[in-house]
Amino acid sequence: AQSVSQHNHHVILSEAASLELGCNYSYGGTVNLFWYVQYPGQHLQLLLKYFSGDPLVKGIKGFEAEFIKSKFSFNLRKPSVQWSDTAEYFCAVMLDGSGNTGKLIFGQGTTLQVKP
Amino acid sequence: NAGVTQTPKFQVLKTGQSMTLQCAQDMNHEYMSWYRQDPGMGLRLIHYSVGAGITDQGEVPNGYNVSRSTTEDFPLRLLSAAPSQTSVYFCASSSDRGRETQYFGPGTRLLVL
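Residue numbers (the working numbering), protein chains in the order written: chain X, 1 to 116; chain W, 117 to 229.
Calculated directly from the structure, the hints in this document are not laboratory data.
Be aware that a few hints might be false.
What the hints assert, rightly or not - Quick partial rundown of chain W residues pointing at chain X, CB under 10 Å, derived from the structure: (1) 120; (2) 156; (3) 164; (4) 174; (5) 218; (6) 221.
As the list claims (entries may be wrong) - Okay, derived cross-link-like pairs now, DSSO-like style, lysine-lysine, Cα gap no bigger than 30 Å in a straight line: (7) X:61 - X:115; (8) X:103 - W:125; (9) X:69 - X:49; (10) X:103 - X:69; (11) X:103 - X:71; (12) X:49 - W:125; (13) X:71 - X:49; (14) X:103 - X:58; (15) W:125 - X:61.
The C-beta atom is built at its ideal place from N, Cα and C for all residues, glycine as well.
All chains, please: the whole structure from these sequences, using the hints.
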C-alpha cells in the first residue's frame, strides 16, 4: 500500500535557524506532492505543491520544497524560521494517472516549535 | 465566500449514539472528502465524493456513512459511536480531484465516552 513517511515527529528550533523537514513516499508511479500547515487552533492550509516541471517549488511564507524522484522524497525547507512558524506540518501525496481519485495520503505530521 | 464550513465545532457522545457531522462548501466544488486526524497518525481519508450522487470509501470507512445529494453538502454519519471514533474530523473540497488545492474546513472535535 502507498504510504507517506515524515521522519521528524517533533522539531524544536530557535528563531533564525534553518529548517528541513523530511518526507518520503512509497509509490513508483506519478505523484502530486503537497505540504500543508496547521497553525495552533486553525485548519489546514496549503504551503506549496508540486505537479510537474521544476523540482524546486516555492510556497508561501518563504517555504520551499525539493522533489527528488530518485529518492522518493519531497523535503520542506526554510532558511530562517520565525516564532510564527510554530505549527504542525503535513506532507501529502496524491497518486496521478488514470486511477486518480483525488485521494490525499498524509504523513504522520511534524510538530515544529520555534523558540523566540 | 465562506469556503468550507463544518458543524458542530465540538460534540460529546455516549457509546452507541448516532450523529451527523455537517459539511458545506459554497465554491461549487465537485470533489469533497472527510478525514479524521489522530495524534501521530496524520490525516486518514474516511469517505470521498467526486460529485453529487457519487461516493466512495477511503482508508478508514468502517462505522461511517456518507451521502451527496447536492454539490454543496457532504454530511458524515456515525451510525453507532464508539470510543475509537474519538478524533478531530476535517472536511475538504476541491474543484478538481487531481490537480487543484483541497480546502479544509475548521474541523469538528468529537469525544465518544
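Going through the hints against the structure:
no.: 1; hint: 120; in the structure: holds (8 Å)
no.: 2; hint: 156; in the structure: holds (6 Å)
no.: 3; hint: 164; in the structure: holds (6 Å)
no.: 4; hint: 174; in the structure: holds (6 Å)
no.: 5; hint: 218; in the structure: holds (7 Å)
no.: 6; hint: 221; in the structure: holds (6 Å)
no.: 7; hint: X:61 - X:115; in the structure: holds (18 Å)
no.: 8; hint: X:103 - W:125; in the structure: holds (24 Å)
no.: 9; hint: X:69 - X:49; in the structure: holds (15 Å)
no.: 10; hint: X:103 - X:69; in the structure: holds (20 Å)
no.: 11; hint: X:103 - X:71; in the structure: holds (22 Å)
no.: 12; hint: X:49 - W:125; in the structure: holds (29 Å)
no.: 13; hint: X:71 - X:49; in the structure: holds (18 Å)
no.: 14; hint: X:103 - X:58; in the structure: holds (23 Å)
no.: 15; hint: W:125 - X:61; in the structure: holds (28 Å)
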